[in-house]
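As a plain string of letters, each chain reads:
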Amino acid sequence: MAINWFKYSAPTTFYGLAGKMIPWFAFSAAILFAVGLYIGFFIAPMDAQQGEFYRIIFIHVPASMMSMFLYMVMAGYAALGLIFNTRLSAMMASAIAPTGALFTVVSLWTGALWGKPMWGTWWMWDARMTSELILLFLYLGFIALHASIDEPRRADRAAALLAIVGSVNVPIIYFSVKWWNTLHQGATIKFSGTSMHIAMQQAMFTMLAACWLYAIAVALARVRSIILERERNTVWIAELPEVKQ
Amino acid sequence: MKKSSMLDLLVLVIRRDLVLAMRRRADVLTTLVFFVMVVSLFPLGVGPELSMLRKMAPGVLWVAALLASMLSLGRLFSADYLDGTLEQMMLAPQSLSMLVLGKMAAHWMVSGLPLVLMAPVLGLQFDMSVQALGVLIVGLLLGTPILSMIGAIGAALTLGLRGGGVLLSLLVLPLCIPVLIFGTGAVEAISSGLSVVSHLSLLGALLVLSFVFTPWVTAQALRISME
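The listed protein sequences derive, respectively, from chains A and B.
Residues 10 to 254, numbered by our numbering, are exactly what the first sequence covers, in order.
Residues 706 to 932, numbered by our numbering, are exactly what the second sequence covers, in order.
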């Protein structure tokens, strides 16, 4: 039996599907957050060099990874929308942007909180922090451009082009600790094994999965609102039970 | 069509835009005066200590050049957009990317080149050494065309929007940060006795990359904005 993959690329069908999926993602995100924080704060041992302060890594690293990853996903959806002219892809791109910006802020914020006890300063103008800050500006530019164009179609396409142009920054952030010799420490998780204690790894990966699920749940909820807003004049929206009453 | 028609087209667009700019000389001068003024404000703001000014000079000059080029970007397509010329350009059988490249080149000659020529004078106000000034000029020569080219993408995307000017800066400035970093990095390198080759090579690489990609991206952005 051939599955029709394109069935859910229409806002009409995706709206219902997203509504069914949100509780699952949201619920598992909540559980994983609880588990990850518990392991991170109570089970993982103290770090030899950084003492208790290192525990902020369990929020900082997942948030940073998500901030870069979500930008790539957003740019990918934007490109899909631009190439195939699908409405839903563009809606997904604009649904992801605020969450991505949020993770970028969390990453910068926790980085500052971590930097104060470790390096003695809230902020250093080194390559990784600067490029993460640029990433935040790129997210804000995307949101601002989208918001200032009234016609949704033009807004989608213009913002999509901007997202694609901006995506050159993401590899620069990722490799910045390798290319420049900076204050920021190198990557802790590598493909060739890590230098971490096993409980620390568990906490980190649980938190990463939790952030991931949270991002999906929030993006789906947001895309549902965008669909409702954009299609408010259509018949199928008027016939939805939650709209009808 | 003749073989050289692409180049003819490029020359034609550049010449047309230069003539138009010369008819409205005030616009060109405003950008330049803005540049000079912003740079001159810094010694007044931070105090006239020469050792500090010497250290700040490349950064101040580069940031001022960046801001000054933002000022003139709004005009890159807007006049042609308002009087319908841009629509005709898009209907023309010739490549839109080439037309856009011509407009970028003309924009650089009008708003970038004067800044480069003015920079040594301002650099002397900051007591920069001759060597550092030379590197600054080379960096600006490589870097300001990139600012015009990246800026054109933003100008095309924000064409005809209300509050376009501020939005344009918000979109373009983050993308211009690498140019700023390598441009000032080169001057700092020569001041501390290091080689400037790596910074200038990276600037050159950025220039080549923008030269290849930005005209096409800008053309796409214009098509999106003009639908």
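Think of the hints as simulated: they come from the structure by calculation, not from any bench.
None of the values given here were measured: they were computed from a predicted structure.
Glycine included, C-beta positions come from ideal geometry on N, C-alpha and C.
Hints may contain errors.
Stretches of chain A that chain B covers, calculated by requiring three or more beta carbons in the stretch to come under 8 angstroms of a beta carbon on chain B [said to hold, decoys possible]: (1) 62-75; (2) 142-148; (3) 152-160.
Hints versus structure:
no. : hint    : verdict
1   : 62-75   : violated (count 0)
2   : 142-148 : holds (count 3)
3   : 152-160 : holds (count 4)
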